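**Q** Based on the sequences and whatever the hints tell you, model everything.
Residue numbers (this note's numbering), protein chains in the order written: chain A, 1 to 478; chain B, 479 to 956; chain C, 957 to 1434; chain D, 1435 to 1912.
Be aware that a few hints might be false.
[Unchecked claim] Some chain A residues close to chain D (C-beta under 10 Å, calculated; not the full set):
1) Asn-340
2) Asp-344
3) Leu-417
No wet-lab data here; the hints were simulated from the structure.
Note that the coordinates shown come from a computational prediction; the quantities given were computed from them, not determined experimentally.
All C-beta atoms, glycine included, are put in the ideal place defined by N, C-alpha and C.
Protein chains: 4
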Amino acid sequence: MDQSLREACGIVGVYNVPNAAEAIYLGLHALQHRGQESAGIVVCNGHTMHSRKGMGLLSRVFGPQDLAHLRGHTGVGHVRYSTTGASKPQNTQPLVLDYSAGLVAVAHNGNLINARALRRECEARGSIFQTSTDSEVIVHLMAQPDHADRPDSLAHCLRRHVRGAYALLVQRTDRIVAARDPQGFRPLSLGRLEGGYMVASETCAFDQAGAEFLREVEPGELVTVDETGLHSERFVPEREVRPAMCIFEFIYFARPDSVLLGESVHTVRKRLGVQLAREHPADADVVVAVPDSGNSAAIGYAQESGLPYDRGLIRNHYVGRTFLNPVPGERSRQARLKHNVVQDVVRGKRVVLVDDSLIRGTTLQSLVQFVRAAGATQVHLRISCPPNRYACYYGIDFPTREELIAAHRSREEIEALLSLDSLRYLSLEGLQAAAPGAGGFCTACFGGDYPVPPADLMEDKHRLEAHGAVTEETVAGT
Amino acid sequence: MDQSLREACGIVGVYNVPNAAEAIYLGLHALQHRGQESAGIVVCNGHTMHSRKGMGLLSRVFGPQDLAHLRGHTGVGHVRYSTTGASKPQNTQPLVLDYSAGLVAVAHNGNLINARALRRECEARGSIFQTSTDSEVIVHLMAQPDHADRPDSLAHCLRRHVRGAYALLVQRTDRIVAARDPQGFRPLSLGRLEGGYMVASETCAFDQAGAEFLREVEPGELVTVDETGLHSERFVPEREVRPAMCIFEFIYFARPDSVLLGESVHTVRKRLGVQLAREHPADADVVVAVPDSGNSAAIGYAQESGLPYDRGLIRNHYVGRTFLNPVPGERSRQARLKHNVVQDVVRGKRVVLVDDSLIRGTTLQSLVQFVRAAGATQVHLRISCPPNRYACYYGIDFPTREELIAAHRSREEIEALLSLDSLRYLSLEGLQAAAPGAGGFCTACFGGDYPVPPADLMEDKHRLEAHGAVTEETVAGT
Amino acid sequence: MDQSLREACGIVGVYNVPNAAEAIYLGLHALQHRGQESAGIVVCNGHTMHSRKGMGLLSRVFGPQDLAHLRGHTGVGHVRYSTTGASKPQNTQPLVLDYSAGLVAVAHNGNLINARALRRECEARGSIFQTSTDSEVIVHLMAQPDHADRPDSLAHCLRRHVRGAYALLVQRTDRIVAARDPQGFRPLSLGRLEGGYMVASETCAFDQAGAEFLREVEPGELVTVDETGLHSERFVPEREVRPAMCIFEFIYFARPDSVLLGESVHTVRKRLGVQLAREHPADADVVVAVPDSGNSAAIGYAQESGLPYDRGLIRNHYVGRTFLNPVPGERSRQARLKHNVVQDVVRGKRVVLVDDSLIRGTTLQSLVQFVRAAGATQVHLRISCPPNRYACYYGIDFPTREELIAAHRSREEIEALLSLDSLRYLSLEGLQAAAPGAGGFCTACFGGDYPVPPADLMEDKHRLEAHGAVTEETVAGT
Amino acid sequence: MDQSLREACGIVGVYNVPNAAEAIYLGLHALQHRGQESAGIVVCNGHTMHSRKGMGLLSRVFGPQDLAHLRGHTGVGHVRYSTTGASKPQNTQPLVLDYSAGLVAVAHNGNLINARALRRECEARGSIFQTSTDSEVIVHLMAQPDHADRPDSLAHCLRRHVRGAYALLVQRTDRIVAARDPQGFRPLSLGRLEGGYMVASETCAFDQAGAEFLREVEPGELVTVDETGLHSERFVPEREVRPAMCIFEFIYFARPDSVLLGESVHTVRKRLGVQLAREHPADADVVVAVPDSGNSAAIGYAQESGLPYDRGLIRNHYVGRTFLNPVPGERSRQARLKHNVVQDVVRGKRVVLVDDSLIRGTTLQSLVQFVRAAGATQVHLRISCPPNRYACYYGIDFPTREELIAAHRSREEIEALLSLDSLRYLSLEGLQAAAPGAGGFCTACFGGDYPVPPADLMEDKHRLEAHGAVTEETVAGT
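**A** Dropping the structure here:
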C-alpha cells in the first residue's frame, strides 16, 4: 500500500458498563488505524449526555484527566478522517443533536450516496443543518413531523430514504441502536462486556477492552439494546439484503489481529500471499515486504515460494498519517522519511517486493529506487490484489480514477514507470477464492461493478453545503 | 452602580465599506462595555462569509493578524454576555446559518419573551437547534416553508411571531437589514461611512470608526441596505409602535460620550446629579463619586450643591468583568481589588458618596466601610435613580427580585445595613424630567409596569434547551 | 501624560505570613500599574522554592488554581516591563538562581548604571549569565569566591560594586532582605501583615493585602527579616546617602491612593494643579482633564481657578498598555481607541486641558484635534510639571532626547505643532514647593542634573549581552 | 525488549550546507528513536545563533513554518530523554551559552561520571548553573579564566577534567567540533553533505539527509570543521584510548538500517538470532517475534532452526513512549494497549517467542499471558543477549539493579514468574562472537565490569542541583 487509501471511520458503542468512557476509549484506541484526524466520545447517564471531541489522534484529544469527566454507563465513540478538511472541528463525531424526540448522538462509518438530495428535501421543509456531514441527514429525517413520533423512526428512515454504506450507532438517553446497511459494506460486530454490551467496527476493539465477541451485526439488521435486553430486527425485506462487504477490509483496512467472517485478517492476507506466489512465482533471492501493509502477504509468499523472508525495508513509526513534514523537497526525500533500506539485505540480491495494493504508485516508485540504489540487482513487485481501476463511493477516501496508476496504464507501462523487472497482481478469482465465507463482496474498485448505483455522488462526492461557502473559526480566548 | 447589572450585547453592521472587518472591529471596540464575555465578526464579499468568534474580550479574540483574513465589504459584529454560561462557545454571535434561502448571519441585542414557545413550535415541525440562544429562533422561523420564499420573511416573522426586545442585524450575501422592536427597548443608530453605511448600538462606535451619525433607527422600523441604497419600512402598524426605550441606558449602560435622543449621555447624567442635589441636599464637606459609574452625576451634584468634588475612591482598571480572582476571601477583600480610598480626601470629612444606582448593595457596603475606615466622619449616599425593585425581561442581565436590595427593604433598613448616615434616591418624576425627549421610556425595573407582558419567561428566563442537558467540549488537538 | 513613560517594575515581599503567594498576589495586583508585560511569584517554605512566572498581566499568568501550588510562608513577587523586548520570557523576574551559597530569588526595581562593566568583570572570571537583566549581575557578584562566604555579601557588593537605582528584594531559604540605593531613587515601604512582614514599592499594596504601614525603607538602608526579627543596617556611610527620589513618582508613576513621604499622592498632584493655576491662569469656560493621568491636577486647577471641572474626554479602559491594535492606520485613529470626546462639554467652549506631563506629544496632538473637531473654540494646555528635556537612566522606560518634544523646541513651536491657543508648564520651583518633605528629589529629566553619573550606559542602555546575538524560542509541545 | 531501556540522546551537526536547519531536522527525524521527550535545533549564520527547542517529539516541536526561521549554514541538533523529568524545558538541548569566549551551543549524548564533583568545583569559583544537565558542566569548565583563552580549551577540559561517556558536538560561530570519549561508549559518525560536512549518532541520519558516510569519529578523537576544512586530533595519549562501545547499540538501541563498525545493525541482530538458535533450539511449531525489538533476531532464529516465522503479535504504533494512558488499570490491560495477539497464528501451537533482551520482565509477563490465552500450548522465550544484571552509568536510562528481573533471580524462578515452558539467553561468548570488529565492547550491564569506575555517581545518578530544590513554571500568557 503506498499510503494512498484512508478508511473513513471507526465506531464503538457500549451499553450498561460500569465506566462507559473508559471502555469506549480502549475500543477507539484499537481502531485508531481507521481514522486519525479527529476523535470523540459521548456518554450518557440516562439523562444527561457528556461529549468531548477534537481534531487529531485519540491521545491528543483525551488527556489523562479527561475521561473522568465523562460519567455514564452508556455511550458511543468515533475516530475519523475529516474528508471535508482537517480544519472543520464542527464536523467531528459523534454528533449530538437535540430535537423534538429528545437528545440523540450519532456515530457513523460509511457514506450515504443520496445524502445531498435528502438534505435538500429537509431544507425545503425548513431544516437548518449544522455540519456538512451526511450523518446529520439521518437525524433531520428522523426529526420530520411524520417520523418523529413513530417508535421505529430510525428503521423507517433507513428503509425508505437512506441509500449507501453505513455502519451506524445511535445513542439515546435510554438505549443504544446499531444498524448496518443491507449490503453490509462496512463491518460491525457485537460483544458482551462486564454484564453489558459492546459494539465495534472490528473485534480488536473487544480484545482491547476485555469484551467477548458474540457475532457480527448482519447486513440489513438493526440491533437495539435497552434495559429490557438486546432486540434484533430486519429493517428491510430479506430479498433486499445482498451482502457485499468491502473486500479491501481483508486486503488492507482491518487490523491483522481482527477476526472478520470467522478468520483472523492476518491469516487471510497470508493466504493471499500464498495464492500470489502460486500465480506469479519469481526467480529471486529474497522476499521483502513493504512494511507494514505488505508484511502478512510477504510471509505467505515467502513460505509458498521457499525464498527467504527478510527485513529489507524499515519503517519509521514516528511518521503518522497526520505528520506534516516541515522539509519541502522532491518526492523521494519525502518517502525516505517513512522508509529506509537495510543495505546488507538487498545488496547484490534479486528482490521480490510484496505489497497489498498499488494505488497511486508514488511511494512504491521511491522505494524501488531506494532498493536499487542500495545494490539490488533485480526488483520484482508482487501485489496481493488485482489492479485498482475504479473509485469507491462507500466510505473510503479513495483517489479519483485519474489518480489511480492502473486506471489507464498497462502493466508494462507501470513496470517501466516504476523501474521494475516485473510487476504481477493477484487475480480477482484468486482473491475471492482466498477470502473466507461464501463470497458476497464488493469488488467495485477493481471492476467498476457497483452494488448500489452511486447516484448524485458523481457531481459532489464530499460536500453537502447547500449555498455560498462559509469559513468559521472559533477561538478559545478566556 | 455596584457592579451588578450587565448589558447583554452590542452590535455593529456595515455595508459597502472598503474594509468591513476593520470598521466593525473599531465599532465593537467602542461598544466593549456592552458585552465582555464573547466577541465575533462575520464579513461577506457578496458570496462567501468569513466568521471569527470566541470567548473573552475583543482583544483576546482578534489578534493583529486575524482581521486580514476576514475579507469583505459588508458584515456584522457582536459583543455579548453569554447569559447562559461563559463556557458555551457555540452560543457566541453573530450566528451564521445556512438554510433553504441561503446563508444568513444574525447579531442580536435584546431578549425575546416568547422564544421558548416559538422554539417548541419549530421543533414540532422538525427543526433542530444548534444553540440555546433566542436569536436562533428568528432564523428557524424564517426557514419555515411558508416563510422562506416570502421576500419579506423577516418583517413577517417579526410582525406576526416575535415578541420582546430586539435590536437586530441580519446579514445576507447581498444586503444587510437592521430592525428595532416596536417599543425600541434597545438603542440602534444609523450612520454613513466612506460611501457606505454603518449601524451600531451607540454613536460612540461611529466616532471610533470615523462614521457620521445620520439618525436613530425608529421603534418598529426595518431598514434594508443593498446595492440600490437604503430602504425603510414599518413592519408593524403605526398604532402598535409605543416607544419605551430602556431608561437605564441613560442611567448606566450607554457610554457617556454617546449621543442618544439628541443629547450626550454624560450631559443627561450630570443633569440627574443636579436634580438629585435639588431633591436631596446634604450637609457635608466633599462630594465623592463611585468611579466610574457615579462620575457624571457626582459632578452635577457637586456643581448644584456648591460642595467640592474630589477623587476619594480610585478604581483599579485591571479588574475587568471577566477577572477571576485567585484569592478567595471575604467580600470586602474582593471589593478592595477594584476600589481603594484616598485617605487625605475623606479623613475627618463628611462625605457625600454619589452613584448611579443601588442594585444588590454588596459592593457599596464594602466601599462605605473603606471610607469610614479611612476616617470619614459621616457618609451620605445619593443615588441618581429611584430604587430598583423589579426584574428586567428585555435583555439586561438583571438580578431576581430577591437579590435587589430595595425590593423588600425600607430606606431606613438599607441605611442601617450599609452603615450610612443617610441614603436618598432621585425620584421617578425627577428622572423622567431630566431625561431628554418627549418621554416614552421603559421604567419597569422601578415600578413593575412592563410595556410587553413577560409571558412564559417567568418559568424559564435564560434556558431554551428542550430536553436533557448536554455538556460539550471541543478541543483543538492538531 | 501622553502614554509615553513606563515605570519599569513593582516589587513585593512577605516574610512569615500564613499564605505568602496570596499576599504577594494581592500586593502585585495593586502594583500592576508599575509593570504590565510580565509577572512572577516565588515562595519558599524554608527549604524548597516554588516559582511561577510568565508574560502578560498578573491575571493572565495566575489563574484561579495556580496560587494553591505555591506553598510557603515567605516569598517575593515582581511585575515588570521587559524593557529588552516582550519576547524574552527568560528575563522575567523574580530570578531564581542556585549558587555555592544556596538558592536565591531576586526582585529588582531600578537600573544599575554600571551593569555592563560588572558583567564583563564576572565573565572574565568565568561566569556565564542566563539573562540580559542587570539584576542577575548582583547575584553573580555575590557568587564570587571572595564574596560568597561573607555573611554580608549583599551589603558588601552594593557598597563596593553596584552603582545606580535599585529597590531590591532578595529571598533566601531562611530570610528576606530589602535594600534601597543611597539616593533612594525608587520607593520602597515596610509594613506588618498577620504577625509577619510585608515590603512593597507602594503603600497601596498594603491596603490591598490588609497590611499595616510601618515606615519607608531609607535610602542606603538594608533591612533583613529572619526568624529573629527585623534588622536594619546602613550599607554605606551616612555621608554617601544623598536622597534623590524620582519626583516623577509624585507627578505620574505612583498610584494616587498611595502614601509617599507622608502624603497621599493624589493630594500632592492636586496641589500641583493649584500651583499651576496660580502660575498660569487661563481665560476659559471649562477645565477638562486628560484621563486618568491629569485627573488630580485638573481638580486642583479647577478649584483654584474657579472654573468648572467637567468630563470632556472619556477613556476606554479596555485599551491596556499591552493592547495590540489589529487595525492599522493614522495616529489619530489610534488615539481614538483610547479617548473620545463628550461633545456637549466642549462644543462652543474655551477649554483648559490639564495633563501631568508632555513627553512625546503625539497623543496630545490627537486629543487637541478631537476637542477642536467637537466644537471647542479655544484649547489651552496646562502641564503640571516642567518641560521634559533629558533622558532617565534610573529605571524608567524614558524616550531618548530626540523623542522628547520639548528637548529642542520652544514653547511657541510646540503650541503651533499641537494647534494650541496656549501651552504652559508648572515651574521647577513650583513643583519642588508643592512636593512634600524637605526636598531631595531627582529632577534630572527636567534639567539634566544627574545625581549619579550615568557612566557606560550611554553606549548601551538596555542590552547586556556580551557577544553575537541569540534568538531562542522554547515551545511547550507535550 | 520489554520497553524498559531508553537511550538518552541522538545528536546531529552540520557545517557549511545550504540549509542547516533542514538537514539537521532530517537527521534528527532518523534518530527520533534515541530520544523522544524533547528536541532542539540551533543554527548559526557565522554571527547570530537561532535556537528552537521544546518538549515532545520532533514533529511537535517543529511545525511546517518553524524551520524557515532558523537561517544558517551550520548548526547542531538534539533529541533526548529528559532523564531528570519531563517537566524541565530548561534542560532541553542543545544548550546555548554566552561566555567570555563567545557564544557556544552544545549537544551531548552520554553521561559524565564526575559531573557532580566538577560542578561543585565550578560553583566554588563563582559559577552559577542554569540547568541540572551534565552537559553544562563542560562549558563552565571552558569558561574558567585559566581555560577560556586557550585555543584548545575543549580538548584540554576533556583530557584533564571530564570522565565518562560522551559523544559531543560543540557549535561556535566560526566552527563545529565533534568529540568522542576515549572508550567510544556512544557512536558518532562523520559524513559529507552538499559540499559541507555532517556528523550524527547513527548513519541512518545520513541516508535521511542525503549525506555520504565517510567514517566513524574514533574514540578519543576530536574533529574540528571550520573554513579551512576538517582537522582531526587525539585529545588523549594513544595508550589511554581503550575502545569499549556499548554493545547494546547492536542489541537494541541503534536502528536496524544503521551501519556500525562496518555492518548493518539488522545483519548483526539476525546473526544473534542464528547463534541463539544454535545454542538453544526449541521443539516448537512457530517462531514469533516481540515486535519490533525482536524482529531481526527472530528471523535469524527461524532461519537457523527451520521453524516457520510468523506474525503472532501485532504492535499498535499509536502508542509512543510518551503516550499517557488515561485508562488506569491492571498491568496486562496496559500491555494490551501496545500489543495484541493474532489468534490463528498461536492457537494450538508450541510458540517460540524471541526478544532482544529481558529487563524488568513486566511487559513480557503480559505478552506470554496473551499468547497462552489465545490458545498456545507451549511458550518458549529466547533472548538474544545474556541476562542483564547490572546498572549502566554511561548514558542509558537503565533501571536500578533492584528492578532488573535477572539481578537476583535464577532462570528457573523467572520461568515460573513468567509462566514459560522454557527461557534461554544468548551466551556472552556467543554475543561477542556475533558482534563485528575486533571486540572492545562495554558489557558491564551483563557482568558488572565497568570500563570507567562510576565514582560519585552511585550517590546521585541524575541530579546535579547543589541545594534545596526549586520548581519553576514559566507560562506563555500574552
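**Q** If a hint holds in the structure, say so; if it doesn't, say that too.
**A** Outcome of the hint check:
Because the closest C-beta pair between A:Asn-340 and chain D is about 5 Å apart, less than 10 Å, the hint holds. At its closest, the beta carbon of A:Asp-344 sits 4 Å from a beta carbon of chain D; the interface hint therefore holds under the 10 Å criterion. With a cut of 10 Å, the hint placing A:Leu-417 at the interface with chain D is violated, because the nearest CB-to-CB distance is about 23 Å.
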